[in-house]
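Whenever a hint applies, use it, and build me the whole structure from the sequences.
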Amino acid sequence: MNFVSPLDRLKNAKVSDTNWQEIAHVLREGMENQVWRESHQTPSAWLEDAAEKSGYSTSMLRRMIALDKFLHREKKHIPELAAVSGEVLPFAILEIFKRVYDADPITAKGLAARLVAGDLKVSEIRKIQTELTREGRGRQRFIDDRRPLTGAQVMSHSLGRMAARDFAIAASEAVEAALEKLGNADTVTYHAGHFKFRYASPDAVAIGRNGLTIKWIDAYDFKAIGRIPVRSRYNQLLAETTFNATFFRNYWLVIPEESSTGYELAKDLQNLECGSVGVMTYDETQEDPIKVLLMPETRPSPDRTAVTLGGAMQQGIPGIAMF
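Using the working numbering, the first residue of the sequence shown is number 1, and each one after it goes up by one.
Treat each hint with caution, since some may be false.
[Claimed, not checked] DMTMM-like mimics (lysine to aspartate or glutamate), calculated; alpha carbons at most 25 Å apart, straight line:
id, residue 1, residue 2
1, LYS69, GLU87
2, LYS121, GLU52
3, LYS11, GLU52
4, LYS291, GLU258
5, LYS109, GLU87
6, LYS11, ASP288
7, LYS291, ASP102
8, LYS53, ASP102
9, LYS109, GLU52
10, LYS69, GLU176
11, LYS121, ASP288
12, LYS75, GLU124
13, LYS11, GLU287
14, LYS69, GLU287
15, LYS196, GLU240
16, LYS127, ASP68
17, LYS69, GLU48
18, LYS127, GLU258
19, LYS14, GLU48
20, LYS215, ASP203
21, LYS53, ASP8
22, LYS291, GLU264
23, LYS196, ASP303
24, LYS291, ASP203
25, LYS121, GLU22
26, LYS75, GLU29
27, LYS53, ASP17
28, LYS11, GLU95
29, LYS69, ASP49
It should be emphasised that the hints constitute simulated quantities derived from the structure, not laboratory data.
Just so it is clear, the structure is predicted and the values come from calculations on it, not from any experiment.
Written as structure tokens, this is what we have:
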């Protein structure tokens with residue numbers, strides 16, 4: 001019997017319309033059993049190869065894996081999910097259900113039976129998810145007012161932080177996959193983590209090199225914001241952005257696609273002549289989830305990048321050491 005590698009099983013999966021869950025199972029098998037070690041140096045490189053063979057983007061494959069893991073994990077808590085199959089229910093509605101669960105597990109559990117029965121339309125569950133997102137923003141504004149919180153409000157705040165963290169993780173993976181699209185022709189490594197340089201603390205950095213020499217550092221901050229914040233907070237965001245941007249070659253703000261803030265930020269940053277700042281949105285429902293609203297065009301002014309380059313070795317970034 002001829003052995004067929006996991007990557008070969010994914011060949012032309014998009015063209016042949018292979019079920020997304022079957023793809024996810026192949027990918028999880030390869031990752032969890034460390035099959036990738038047989039042919040690649042890193043799991044990310046193996047996944048990139050899987051993307052090329054399958055016809056899907058790396059970001060889309062990661063979303064398939066994440067959703068499959070969610071269904072497998074949560075069927076212990078939501079018995080109805082044991083009957084869910086990717087052959088019966090489309091990827092889109094299941095992914096929205098996952099987002100509803102992340103925001104409010106109780107609401108999601110109440111929808112599970114209708115989901116499995118096929119009695120839940122995409123438009124309806126998307127509306128529920130949107131309303132939960134708005135409620136979360138309202139809770140955040142309440143918390144920011146520093147009023148006393150009840151136990152339930154503290155729990156809601158924790159859920160809000162979880163949603164922000166999930167956004168940052170997913171958007172960060174998409175940004176990493178889109179580095180070439182963002183104009184990076186040099187040898188680039190991407191590192192997610194809350195780095196604390198002397199004057200700025202981005203959520204992720206991309207580092208361009210020439211051999212062992214660091215040529216430049218780009219910064220990425222992931223902002224899980226929706227509607228345009230109140231004027232004082234919005235101006236504070238602009239002020240922080242214009243200051244932080246002076247320490248990096250390019251400074252990117254990444255926000256949810258459904259947010260109306262992105263276009264406002266892009267317009268105001270142009271008016272403020274912040275030529276080294278970029279704005280992009282992330283939409284996990286799209287195969288190409290990154291959309292650039294504002295592309296950096298100039299060096300920062302004033303240019304304080306030397307300060308950050310000099311402190312890069314103290315950040316604990318993998319692959320960068322004192323020499």
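Consistency of the hints with the structure:
1. LYS69 x GLU87: Between LYS69 and GLU87 the Cα gap is close to 16 Å, so the pair holds against 25 Å.
2. LYS121 x GLU52: Given pair LYS121, GLU52 is violated - Cα atoms ~32 Å apart, limit 25 Å.
3. LYS11 x GLU52: holds, 9 Å
4. LYS291 x GLU258: holds, 12 Å
5. LYS109 x GLU87: With a Cα-Cα distance of about 21 Å, the restraint between LYS109 and GLU87 holds, given a limit of 25 Å.
6. LYS11 x ASP288: At roughly 20 Å apart (the allowed maximum being 25 Å), ASP288 and LYS11 satisfy the hint.
7. LYS291 x ASP102: holds, 24 Å
8. LYS53 x ASP102: violated, 31 Å
9. LYS109 x GLU52: violated, 37 Å
10. LYS69 x GLU176: With a Cα-Cα distance of about 21 Å, the restraint between LYS69 and GLU176 holds, given a limit of 25 Å.
11. LYS121 x ASP288: This hinted pair holds, its Cα atoms lying about 24 Å apart.
12. LYS75 x GLU124: Between LYS75 and GLU124 the Cα gap is close to 22 Å, so the pair holds against 25 Å.
13. LYS11 x GLU287: Judged against 25 Å, a Cα distance of about 18 Å means the pair holds.
14. LYS69 x GLU287: holds, 19 Å
15. LYS196 x GLU240: OK: LYS196 and GLU240 at ~15 Å, within 25 Å.
16. LYS127 x ASP68: holds, 23 Å
17. LYS69 x GLU48: holds, 20 Å
18. LYS127 x GLU258: Cα-Cα ~13 Å, so holds.
19. LYS14 x GLU48: holds, 15 Å
20. LYS215 x ASP203: holds, 20 Å
21. LYS53 x ASP8: With a Cα-Cα distance of about 8 Å, the restraint between LYS53 and ASP8 holds, given a limit of 25 Å.
22. LYS291 x GLU264: holds, 15 Å
23. LYS196 x ASP303: holds, 19 Å
24. LYS291 x ASP203: Holds, because 19 Å separates the two Cα atoms, which is no more than 25 Å.
25. LYS121 x GLU22: Holds, at about 23 Å.
26. LYS75 x GLU29: The hint holds at about 19 Å.
27. LYS53 x ASP17: Cα-Cα ~13 Å, so holds.
28. LYS11 x GLU95: holds, 24 Å
29. LYS69 x ASP49: holds, 21 Å
Hints 2, 8, 9 from the earlier list are contradicted by this structure; the remaining hints agree with it.
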